[in-house]
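Novice: Below, each chain spelled out in residue letters.
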Amino acid sequence: MARIVGGIATSHVPAAAGAIAREQTDDPYWKPFFDAYPPARAWLAEVQPDLAIVLYNDHGLNFFLDTLPTFAVGAAPAYHNADEGWGIPVIPPFKGDPNVSWHLIERLIDEEFDLATCQEMVVDHGFTVPMQLLWPDHSHAGVSCVPVCVNALRHPLPSPRRCFKLGRALGRAVASYPDDRKVVVIGTGGLSHQLDGARAGFINPEFDRLCLDKIVDDPDDLLDLSIHDLVRLAGAQGVEFILWLAMRGALSGRVTRRHVAYHVPASNTAAGLLVLDHDP
Amino acid sequence: MTREPPIPGTVIFDGAQAMKGYALNKMCYSFNRRENRAAFLADPEAYMDRHGLDERQKQAVRDLSVPDLLAAGGGIHYLAKLTGMFGLTMQDLGARQTGMSVEAFREKLRRAGD
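Chains as they are written, first to last, in this note's numbering: chain A, -18 to 261; chain B, 1419 to 1532.
In short, the hints are calculated from the structure, not lab data.
Be a bit skeptical, because a hint or two may be false.
[Stated by the list, open to error] Partial chain B-side listing against chain A, Cβ under 10 Å, derived:
#  : residue
1  : 1433
2  : 1444
3  : 1450
4  : 1452
5  : 1459
6  : 1465
7  : 1466
8  : 1468
9  : 1469
10 : 1482
11 : 1496
12 : 1505
13 : 1518
14 : 1519
15 : 1526
16 : 1528
Every residue gets a Cβ at the ideal spot worked out from N, C-alpha and C, and that includes glycine.
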């Protein structure tokens, strides 16, 4: 039987990939950001997951506006990274688990999530930066991946509640997989940040701390937020918090916070990290 | 298309913006490929013509004006592929949109954590 051993939510700041490539993780600017991650890695070493479901958003690498799915699930044997155009180095591919992918796809569509399915899929920094932070130096050899891509780029976006429900359905789909898998669910993006417009540089630590707190024990309190509320309170790109809520939705059993970190700024972003144990 | 009250200083990248900016965003999306970046840099005017940009979009590209690029329908994640070619970081873009120096914009971000 497959079971979800826990969840991680983390920012996916692309500049962190540059800092890793340039070996600047100990620089005074970056050190407080990178220092958040060793406890998350220690937790992963303890729970030893063999599958990561990664809920993230694409930023114009695999998908363009010609065909932009709201929810898309990878069903590929491997997921390659590729040139995003502005200079973060391309890293080696990640292993897929297509049997699990198709099981999840079948169950999610059964539950009326009408997904796009991708037998080929390139993954951008929304996927790769968290993987680099959690499994440095490509040490993810024992972990297969299922990318779940959620549109957080072109409105209309799926609501916080809808994303949480997607997580719930994913949780049920994992629990019904017949073979043994230890699954970690990862949600990437956020916390507050805004890249575009005269409000660029907007950060809201008060709202971020509320979210970091509520998402552990009272996620329901966050589900009445609209996308417009999230843009207003967390910034135009702070809406990526919907990926955190999707992660949290997948954990329907008893949840215990194992690690939390918050640091401003990492590039233009308020960086958050949250590690949750899950007892199904 | 959005019925919600506007958020000051914030452009919601929605269907209306995506319609307006399609050619511009499609050109920027092409910059994921190194050979397309080289072709643009070799002859920006010809490259913009090939992608069907209108005059307003072309001028915004020539000026590398982020507010004008957004007003012309650009989505920030696509625009980053254009501005990245010129070595501009997200802090550079932030400074250009807020009328601050890059150092002042960085300081604003640092102070947000205090």
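Novice: If a hint holds in the structure, say so; if it doesn't, say that too.
Specialist: Verification of the supplied hints:
{"no.": "1", "hint": "1433", "verdict": "holds (7 Å)"}
{"no.": "2", "hint": "1444", "verdict": "holds (7 Å)"}
{"no.": "3", "hint": "1450", "verdict": "holds (5 Å)"}
{"no.": "4", "hint": "1452", "verdict": "holds (6 Å)"}
{"no.": "5", "hint": "1459", "verdict": "violated (13 Å)"}
{"no.": "6", "hint": "1465", "verdict": "violated (14 Å)"}
{"no.": "7", "hint": "1466", "verdict": "violated (16 Å)"}
{"no.": "8", "hint": "1468", "verdict": "violated (17 Å)"}
{"no.": "9", "hint": "1469", "verdict": "violated (13 Å)"}
{"no.": "10", "hint": "1482", "verdict": "violated (14 Å)"}
{"no.": "11", "hint": "1496", "verdict": "holds (5 Å)"}
{"no.": "12", "hint": "1505", "verdict": "holds (9 Å)"}
{"no.": "13", "hint": "1518", "verdict": "holds (8 Å)"}
{"no.": "14", "hint": "1519", "verdict": "violated (13 Å)"}
{"no.": "15", "hint": "1526", "verdict": "holds (5 Å)"}
{"no.": "16", "hint": "1528", "verdict": "holds (6 Å)"}
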